[in-house]
Amino acid sequence: MKITQIAGFLGCGKTTLLLKLSRALSDGGNRKIALVVNEIGEIPVDGKIMEESDMQVKDIGGGCICCEVASTFAKTIYRLYKDFKPDHVLVEPTGVAVPHQVKLAARMGGRDAKIEMGPAIVLFDATRPAELLDMDMLGQLVTTQVKDADVIAISKIDAVEPGAVEDASKRVRAYNADAEIVALSAFTDTGVDRLVETILDWKEAR
Amino acid sequence: MDESTPQTPGCYTEHGVSGYGVAAELSRKEPMNEAFVREMAEKMMLSIARECMSLGAKCIGHIKSHLKTSAGTIKADTIGVAHGSYSTGGLSAPVDHIYIAINSIVQGIPEDAVKAATLEGMHEVANQRGLTVVKEKEHSYFDEFDFVASKQEYVEQLRQQLDADPDENEE
Chain G
1 MKITQIAGFL GCGKTTLLLK LSRALSDGGN RKIALVVNEI GEIPVDGKIM
51 EESDMQVKDI GGGCICCEVA STFAKTIYRL YKDFKPDHVL VEPTGVAVPH
101 QVKLAARMGG RDAKIEMGPA IVLFDATRPA ELLDMDMLGQ LVTTQVKDAD
151 VIAISKIDAV EPGAVEDASK RVRAYNADAE IVALSAFTDT GVDRLVETIL
201 DWKEAR
Chain Z
1 MDESTPQTPG CYTEHGVSGY GVAAELSRKE PMNEAFVREM AEKMMLSIAR
51 ECMSLGAKCI GHIKSHLKTS AGTIKADTIG VAHGSYSTGG LSAPVDHIYI
101 AINSIVQGIP EDAVKAATLE GMHEVANQRG LTVVKEKEHS YFDEFDFVAS
151 KQEYVEQLRQ QLDADPDENE E
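Protein chains in written order, with the working numbering: chain G, 1 to 206; chain Z, 1 to 171.
Please keep in mind that the hints were generated in silico from the structure rather than gathered at the bench. Here the structure is a predicted model, which means the values were calculated and not measured. It is possible that part of the hints are untrue.
[Said to hold, decoys possible] Quick partial rundown of chain G residues pointing at chain Z, CB under 10 Å, derived from the structure:
# : residue
1 : 10
2 : 64
3 : 68
4 : 131
Don't be surprised by glycine CBs; every beta carbon is placed ideally from N, CA and C.
Construct the entire structure; sequences and hints are all you get.
This is the structure we're talking about:
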């Protein structure tokens with residue numbers, strides 16, 4: 001059971017990508033996929049959207065899985081392993097979650113389950129890079145998310161000029177020298193295949 | 001959700017991010033077609049975003065909605081007024097009832113202000129278009145609903161939830 005998180009700030013396209021990845025990874029039903037979604041704000045709108053996709057969805061409410069309800073997340077991972085035994089679990093944390101803390105919580109759930117960690121894919125919204133990196137607003141949070149990324153997906157590239165994608169890539173590279181950067185549009189499917197390959201091939205560094 | 005009771009403030013509070021969610025039943029005497037519902041949902045998202053900014057928000061994180069009807073589903077969202085709003089989904093026929101869930105996540109104002117902006121934005125746009133807010137309930141989870149149920153069954157589930165004792169949904 002490989003656990004991959006699709007992280008990134010609010011509104012960057014996580015749910016749309018997650019649904020695309022889940023369909024591609026299932027390979028027409030040859031692989032079992034489970035989705036775990038966590039939202040702040042009390043109404044799990046994303047969870048409802050996912051459930052309509054007929055996927056196995058676990059909705060975690062009551063707080064953020066990287067901190068407040070990390071133990072609930074860990075138990076969810078264990079229960080998924082025990083009851084459903086998916087090949088892949090795709091996790092959508094809240095848009096304010098810190099990826100390395102989500103990994104730690106998932107590993108807690110994996111103590112009694114045979115799991116491996118997939119990549120932390122962090123989306124960065126190409127339509128509002130300056131806003132996201134403004135240190136008086138969200139910069140501290142977003143740069144932490146970017147630093148934690150194994151793969152950075154510059155999202156919504158269909159909505160910006162090509163120069164804006166390059167600009168966003170340069171901005172995030174300044175905070176993470178190692179992560180692969182993928183240009184992504186979940187609407188045109190640009191970059192989706194690359195992310196699927198990455199998830200399938202990913203071997204966690206020990 | 002019993003084990004999910006937060007013991008410490010969430011990471012989002014450190015960044016001044018607050019969220020508020022509400023579910024409501026809306027109705028209109030004249031049936032509403034897909035174009036009408038999509039336009040209303042998009043305007044609602046922008047109205048809430050505008051209200052949040054007027055109350056002092058620094059940034060709109062994500063304001064999103066899910067509108068369920070007997071003829072299909074519409075989803076609408078925005079990440080800020082300057083970014084516009086976007087909707088997907090469709091209706092196979094005009095409807096006179098809509099079940100809507102809205103989740104607003106915003107930086108720079110407390111939850112009470114996000115709540116005020118969300119309710120104001122929803123009511124304002126609904127009223128402008130001749131819709132009545134029949135019922136509304138905050139912090140409602142839809143976890144128990146079967147999303148592969150038929151459309152009629154689904155709507156009945158939503159109706160029962162909105163009719164239920166308020167405390168039942170907050171456990």
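How the hints compare with the structure:
Checking residue 10 of chain G against chain Z: minimum C-beta separation of about 3 Å stays under 10 Å; hint holds. Taking 10 Å as the C-beta cut-off, the interface hint given for residue 64 of chain G holds, the closest approach to chain Z being about 4 Å. Residue-level restraint check for residue 68 of chain G holds (minimum Cβ-Cβ distance to chain Z is 4 Å; threshold 10 Å). The beta carbon of residue 131 of chain G comes within 6 Å of a beta carbon in chain Z, closer than 10 Å, and the hint placing it at the interface holds.
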